Amino acid sequence: MFDLLVDYIRSGRIRLDKTKITHRVAYHDPCNYGRKSQELFGHGYYEEPRWILDQCISDWVDLFPAGGNQYCCGGGGGTLLTPYRDERIHYARRKMEQIKRTGAKMLVVPCHSCHGQIKAVAETYGMPDLRVKYLWEVVADILIID
Amino acid sequence: MIRYALVKNRSPVHAVKSVLEKMLSQKLVDAILAAARNPYSLLPMPTLFCDPGKMEGIDPLAPVAPFNAARQAAAVTKQPTGKRIALVLRPCEQRALIELVKLKQCSLENVILIGVECLGRLENQAYIQHASEVSDFTSVFYKNPDMQAEVTRACGVCEQFTPAGVDLTISLLGAPEGGVGITAETETGDTLITQLELAVADEPESRAAAVGKLLQGRIAARDALFKATVEKINHIEKFQELIATCLSCHSCRISCPVCYCKECVFITDIFAHPPETLLRRAMKRGAVKLPTDTTMFHLTRLAHMSHACVGCGHCSSVCPSNIPVADIFRTVAAQTQALFDYQPGRDISEPIPYLVFEEELSESSV
Amino acid sequence: METITKRYPSVIKEQAPLRPINSPVDLCMACGTCAAGCPLTGTKGFDPRKIVRLVLMGRDSELIDSKLPWLCTMCGKCEHACPMGINIANLIRAARGMVEREKVPGMIHKGVELGLKTGNNLGLPAEDFVFIIEDVGAELAETPGFSDFKIPVDKKGANLLHTLHNKLVNTQNEDLVHWWKIFHLAQEDWTIPSQNWEGVNWGLFSGDDDAMKTFIGRIVEHMEQLNISSLMYPE
Amino acid sequence: MIKNTKILVVGAGISGIRSALDLAETGHRVCLIDKAPAMGGILSQLDHQFPDNHCGMCRMLPMIDRDNGQQFCLRKGLFHENIEILLSTEIISIEGNAGNLTVTISRRPQGVDPDRCTGCRDCESECNIEISDEFSAGFRKRKAIYLPTPHQIPNQRVIDWDTCSLCGACRDACPTGSIDLDNQPETLVLENIPAVIISTGVELYDPGHVDLYGFGHLPNVVTATAFERILSSSGPYQGRLFRPSDGKALKKIAWIQCVGSRNIMIGADYCSTACCMFAVKEALLASRKIGKDARTAIFYMDMRTFGRDFQRYKDRAEKDAGIRFVRCRVHSIEPAENDKDILISYIDSSGNPIDETFDMAVLSTGKNPEFQLPEFASREGVFTVNSARGFMDIQGAVISASVASEKAGRSVSKKGSALLQQRPEKLYFDAVCEEKPQLQIVLCTCGDFLKPVLDWDRIKAELKNMPGRIEIARIKMICDQNGWDEMIAMLRNTTANRLLLAACNPLVYLPRLKELSQETGIMPSLMEVINLRSMVDQATDLAFRTRAVLCELEMSIRRLFSHNPVEPALYPVSKSALIVGAGPAGLTAAISLAVRDFKVSLVEKTSRLGGNWSNIQSAESRETIRTLVTEVENHPLITIHSEAEVIQSFGNPGRFVTRIRSNNKDEKSLLHGVTILATGGRAAETTAYSYRKNNKITTLFELEERLQQPDFAVGSNATIVFIQCVDSREEPRNYCSRICCLKSLKAAITLREVYPQSQVYIFYRDIMTYGNSEQVYTQARRKGVMFIPYDLENKPRVRIESGRIMVEGSDPVLDEPVFFEADLVALATGIVPNPAADLVSIFNLKTTCDGFIREADSKWRPVDTGREGIFICGVGRSPSRANEAMDEGKAAAQRALRILSKDTMIASRHTARVRHVFCSLCETCMHVCPHGARYMDFELQRVQVDHAACQGCGVCAAGCPNSATIIESFEENGIMGAIEAAL
Amino acid sequence: MTAFEPKIIALVCNWCAYTAADLAGTSRLSYPAHIRMIRMMCTGMIDSKYILKAFLDGADGVFVGGCHPGDCHYIDGNLKAKKRILGTGKILEQFGFEPERLRLRWIGASEGPEFQQNMTDFVTAIKTLGPGQTNNRMVL
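Going down the list, the sequences are from chains A, B, C, D and E.
Residue numbering for the first sequence follows the numbering used here, starting at 1 and increasing by one per position.
Residue numbering for the second sequence follows the numbering used here, starting at 1001 and increasing by one per position.
Residue numbering for the third sequence follows the numbering used here, starting at 2001 and increasing by one per position.
Residue numbering for the fourth sequence follows the numbering used here, starting at 3001 and increasing by one per position.
Residue numbering for the fifth sequence follows the numbering used here, starting at 4001 and increasing by one per position.
Source of the hints: derived by calculation from the structure; they are not laboratory data.
There could be a bad hint or two in this list.
Reference listing, derived: stretches of chain B covered by chain D, where coverage requires no fewer than 3 residues with Cβ under 8 Å from a Cβ of chain D [unchecked claim]:
| hint | segment |
| --- | --- |
| 1 | 1103-1109 |
| 2 | 1267-1273 |
| 3 | 1279-1288 |
Dumping the calculated DSSO-like pairs for lysine-lysine here, alpha-carbon to alpha-carbon at most 27 Å [claimed, not checked]:
| hint | chain 1 | residue 1 | chain 2 | residue 2 |
| --- | --- | --- | --- | --- |
| 4 | D | K3846 | B | K1104 |
| 5 | B | K1238 | E | K4127 |
| 6 | D | K3252 | A | K100 |
| 7 | B | K1284 | D | K3460 |
| 8 | E | K4083 | B | K1104 |
| 9 | C | K2067 | A | K119 |
| 10 | D | K3846 | E | K4083 |
| 11 | D | K3289 | E | K4083 |
| 12 | A | K100 | D | K3340 |
| 13 | A | K119 | C | K2110 |
| 14 | C | K2167 | A | K119 |
| 15 | B | K1289 | D | K3464 |
| 16 | C | K2044 | A | K119 |
| 17 | B | K1284 | E | K4127 |
| 18 | C | K2167 | A | K105 |
| 19 | D | K3436 | B | K1284 |
| 20 | B | K1008 | B | K1054 |
| 21 | A | K100 | D | K3248 |
Note that this is a predicted model, so its numbers are computed, not measured.
We treat Cβ as the ideally placed atom computed from N, Cα and C, and that holds for glycine.
Start from the sequences and build out the full structure, keeping to the hints where you can.
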């Protein structure tokens, strides 16, 4: 998926308008594309999404810690499908604090679980206006249509 | 347990003499060092007795001491002789002796310490005057409280007139007419009381009161002296005024029982300046008084020995220039001894302050 | 399912179910790194160190019978810093797999079963699915710049097989279009299967290896059938 | 090609310095090289070291023949006649055979001529390159031309060729033309090198390699070395505890242990040994500096306080300084909400998660797992110091350095190319004391610098007024070769017997005075150097400045005239040793000395050699000790006195007389030059945990013996419980015995191997597998041994119920009680020293409160005692493992060789002298002497000074009321004269 | 009237304070030129006579710089010095010398800035106290 987007952008098959998003955006590394991928396939997708973001947005920031040592949003491993909602919300506190601290208005994730989880708990953590977008959604939003 | 025995005789002097004679004749000791008059002088001098028949002039109670006998006591106990010696000393002498033991100048091995309660001593001339007038001046002195006025200034402010830490104490305060109390403070002393077959008794009730009264007076006098002396020395100029007449004769240091040096540093090469040094000094300052280092001498002596000063006052007694050396020493010593919580002669196991250092490495600085 | 590692006698633990993931559980020094790093520590008694300790003590069943494995997201942060390289997430997944299927909480197992039966975790029939995506596709075609957009369903020989996360099909249809826009503009040769389009492998979550294999097998089958060279998988 | 019969020591850190000095002091010539431009290694960055929180590095300097080296702070540099030092130098290759190596070295020029550099710093200000300064751990920036350490002597700048752009700005700015930008390294081939010692130390792990600690990202996460700089007054904040990000005063600091250690994922299956204590020390120092507001915490796995005094040190840190010890390895470090503080999440002892913010986190970084020794380190004839293999504390490094010197020295002497040499030159000069003192003053005008800033007419005139015969000469610049030659030429023609050099930094000149002395015949002790330059720098107006200079001159004049050197008595050295105790340490020491052709008398209390160790331990260790015993028994130079003990001893280093008595009451006197005490220890006894109430409850030592019995058996399903730290690491026996953990682990592994069905539990407080022995711990876990930590409040309990042994405890991880029926319980009772009170009083030494014989200094002189010539090693000094005890034996032997290798004991300058005519024998001096260098001569009734042991500190002189004791060169009249002159 | 330029004697230990002074010097940390430094091998070598002599000869202050406790090259010479200086100071105090004029400080070899600070502080303190009792007076 990352490879595909990188390929599209790099080869010029799609063109992006970097001026469209002006507010601050934060990026969240999903466990699956990072640590899990690193463990199973020997490559963690850390650089690729960041390169894509560089092409899309001028003011995007990393959470800290990010990459291999990032915090899980709390929605992975199928927990969204379990009835343990309170625990899941509690789980997300670290991630949400990180997001809050960046002052970003939008969080970009490349994962459906993270997307679902963060959207679901944003209000609990006092960020009802936080927009959560898929990485490809961001790309799709700023496509230059001839 | 402290045992009190009462010895009665014609006079306290005879009572003491009888006990000491008995000690020698019963061979409880091989020798006794005690103050005694000899046929040539009215002044009792420390005398080493081996024959009980020779103890005629013995008078350890005599209110006079031409010098502090600690040095003489040390002289007879410097090296072990294998003989058992009893030392009859005044409290200040005995305390000085303890200091000398700590300074390895003598040893108390095989020594029996007999302390004499001392109500003070008179200056030599005053004593000779009285002694030539009365036959048993010692008894007169103890009977007559007014005689206190005549004791030396050092004795007048001495609050340690009762011996402590000795085997036997000979005391007069509270004892009935013609008698002396003998108290055993140690096991050795206790055995001696038994061996001498002394009559054990309850300590007279009057004793505590008498001791207390004297002590009170002495403390008051001492504090007054401290106050007065501080006023005289609390600026180096005032102090120089006080010692202006010092001849650098070093009598004070020679008479001092705890100034134990074989030779004083002030007569060594350290202070024997070559002419060019003296000239250089004069050149730099315009003028120098000779001999030099007088103030230095007194301050150094304070630095070296004030922690060990027992307050016997002999330094003042011997000073040809009437400098109140003892007043200065006692006043300063009170400070240095308090600083190190040190009391000279109190306890033989109490180390000299300059020989013990904090084991715990504290990081504070002065 | 066989009983889990009987810690003692431990000779047989090499064959024990919680071990096959090649996890050096024995090396644990109970240092606390995992517990310190886990956002869940303290929640309902959860703590990755305890999980490892229970396994070490041969008390796996206590772990399996609890809901602890289901709280963990298997995010792997614990093992990221583990100085002994103990693979705790896999331990959790193995534990999940050993739970009696009926006791699997929530809709995971149901989803798996539906998925196995119908090809997607929602149990959505193919016609309904094609209807939904074509409806969304038609909507996109009304957007400027995408007038010629059409969803290629079951296109043979396409370059790229696009599977979908069921929630986009189910409740969040509006998020379907992002990729489509990109594909369209990139002039990608892509296709969506009408059957077995499920892009989420809940077998991974339930610890059910067989189910997981079946799901993957189906996708591979698709690619072979349709002669498609690459796969776009949402997870 | 350079023929160079020097032993090469590579690495001038603490180990290298120790090795170089060891060899230099035994008469070898040494070349000490380091690739850095300054000496000292990592210790140059540490002002304070555990376990006393102080330095004292100078205590490593020679104590015998002090005049061969310097008498000032070792951080300033090392100066010794027999040691040549090459900095910025690296080894390229080592060829040849043991005993005759050819070593190729490459030496980079330093760029600045030390003779010409005046330290003006103009070069630095002109340099436009700025990089992070290594010495200050990056807290400061430095230029490409810079001072590597602030304290080194000479303190001229060097050029960092790696960053220098060769722009030439510095060269143009230099007023004395001392900069040369030719950066070609010089390659030297050294032939005939008899031995090489590798003491390069280890590299530290870079925590920036992992994404866990935020190192490099969060400015308030620093390494322990960097924190050391923050603590230092030569550090970035002059010793005040500020934090880097915002200069906020530090209050709350966390130490994170095992960063880069005990982590098999990065290939670090070892413990870095020193970091635990290092962290405790830093926390303690920080707490003291901060005061009552300090909140310090150490996050650890096992607190490895395995040294003799370490546990009490840690306890004090905990109780007195309130340092919090948190048993949790930290996962990662994050910024706190305000982005400046840092956030640490951990679990407390009950498993509760806690988030805590700190002002700063300090990472206890260990050895870099990627670090490897160069290939040539394994060559024959090349000896590697253990501290170059793994991180070590100072004591360990110092001992291992002496072990390497012992090996190198032994190999050299074996090969017949021994370099032992008696010093040729004549130290004491004829009849100086008979001559009239005459003084030559040499004033260096520092080029033209001093001419205008002083009133020279007045100086001349005033000097005429000063007492004594004085001549004055002015030389333009004595620090350059011309000036120096000019001065020597002038001094050769003078009749002066005293010299006052008024120049600049005296520390630069002090090491050269000996050379000057040989050229001119003036005794080194009759020379003085004063710093004219700094006086001039301080004072502002001419008159004031001139007066200051005159004062200083007169002060020195007065002191020089007071010097009155006398020749002290020399005495021959008895070339034999007495060794007490024939355990591994004693035996090793005996062999070390015997192979060097010194006679050894080995006194052993029991009838058997080998000590406690001969019947336990691994087969390999048993074999080692058996070989050692055979070797000792068969060595012609070793006389064994078994079933004998020492009853009396007196004498001085080089000349002791000791009486020994054997069991059959025979007495014998031995004359020997040195004494080595290796009195050993034994298994501690216990009454805890129902010991002896059931024969299945044994001590660890008994179990070890039983494991060797062929009939040893437990049931195949047996449950075996080990309990560590029995009666240890708590008062009254509050020390770690060092050996028990390893023994228990090995026994547990054996049991698990023999009885795979068994269950083995180890109750422990902290597993003390420091260094590579960590691998044994890892292996034990891999073998399925179960570890259950306990603390003093929660010890396991052992009960016997109708013959069954019940062990109860609790598992803090699961926070649950645990309960076993045990088939075997092994109690790790630890070791206690053999009673040594008699010996200690015979030799006038001291013991610790636990009865171990106390060394002179636990860091710098670990195998010396307070008395020169008497050495200690093995368990009698401190708990140690057999290999460590044997190392100590070697180290002690090496120390002893300093004395044995001399024919006569030579006193150094500045020793004390007693003027017997004044001495009152009060013994104050004897009491205060820190080196036991005085004794009462009962025959002569005199206090005598042992001139070899006397270090000239002068405490005796200050204690002596009438100056019966004086210190040469510090005579009282000289100092009093100087005071007079100063005012 | 000219400004008061105090005369100060500093008795410093060879191993630490003297080294720190050297470090201060080479680090260009200047300190007042009123200080006449006398190098001792150890502060434990300082005889009480030196301090008395200095004050009697007109010193306005005496500074003693020794190693931090535990750092002493000779084990505990600095602690011995501390005791002696304490006693000597007490005596001087009796004769009107302000205790502030005699100062003992621990300065480590690497503490160049501390040395500078200590010197500056001491000179300032002495200047505040004014001339000592013996300044320009005849001492017998």
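Against the structure, the hints:
Residues of the segment 1103-1109 of chain B lying with their CB closer than 8 Å to a CB of chain D number 3, which satisfies the three-residue condition for coverage. For the segment 1267-1273 of chain B, the proposed coverage by chain D is satisfied: 3 residues have a C-beta within less than 8 Å of a C-beta in that chain, meeting the threshold of three. Remark: the segment 1279-1288 of chain B is confirmed as covered by chain D, as 4 of its residues place a Cβ nearer than 8 Å to a Cβ of that chain, reaching the required three. Straight-line distance between C-alpha atoms of K3846 (chain D) and K1104 (chain B) comes to about 23 Å, which keeps the hinted pair within the 27 Å bound.
Our distance criterion of 27 Å between C-alpha atoms is met by K1238 (chain B) and K4127 (chain E), whose separation comes to about 24 Å. For a cut-off of 27 Å, the pair hint linking K3252 (chain D) to K100 (chain A) stands: about 25 Å separates their Cα positions. In summary, the hint linking K1284 (chain B) to K3460 (chain D) is supported, as the alpha carbons are separated by about 16 Å, within the 27 Å threshold. Between K4083 (chain E) and K1104 (chain B) the CA atoms are separated by roughly 21 Å; this keeps the pair inside 27 Å, and the hint holds.
About 25 Å separates the Cα atoms of K2067 (chain C) and K119 (chain A), which keeps this hinted pair within 27 Å; it holds. Taking the CA atoms of K3846 (chain D) and K4083 (chain E), the gap is about 23 Å. The hint holds against a cut of 27 Å. As the CA atoms of K3289 (chain D) and K4083 (chain E) are separated by approximately 25 Å, the hinted pair is consistent with the 27 Å bound. Taking the CA atoms of K100 (chain A) and K3340 (chain D), the gap is about 16 Å. The hint holds against a cut of 27 Å.
For the hint linking K119 (chain A) to K2110 (chain C), the alpha-carbon distance of about 24 Å falls within 27 Å, and the restraint holds. Distance hint between K2167 (chain C) and K119 (chain A) is fulfilled; the C-alpha atoms sit about 14 Å from each other, no more than 27 Å. Under the criterion of a C-alpha separation no larger than 27 Å, the hint pairing K1289 (chain B) with K3464 (chain D) is consistent with the structure, at around 24 Å. For the given pair, K2044 (chain C) sits about 24 Å from K119 (chain A) by alpha-carbon distance, which is consistent with the 27 Å threshold.
For the given pair, K1284 (chain B) sits about 23 Å from K4127 (chain E) by alpha-carbon distance, which is consistent with the 27 Å threshold. Proposed proximity of K2167 (chain C) and K105 (chain A) is supported: the alpha carbons are some 24 Å apart, at most 27 Å. Between K3436 (chain D) and K1284 (chain B) the alpha-carbon distance is near 25 Å, which keeps this suggested pair within the 27 Å criterion. For the given pair, K1008 (chain B) sits about 21 Å from K1054 (chain B) by alpha-carbon distance, which is consistent with the 27 Å threshold.
Restraint check for K100 (chain A) and K3248 (chain D): the C-alpha separation of about 25 Å stays at or below 27 Å, so the hint holds.
Taken one by one, the earlier hints all hold for this structure without exception.
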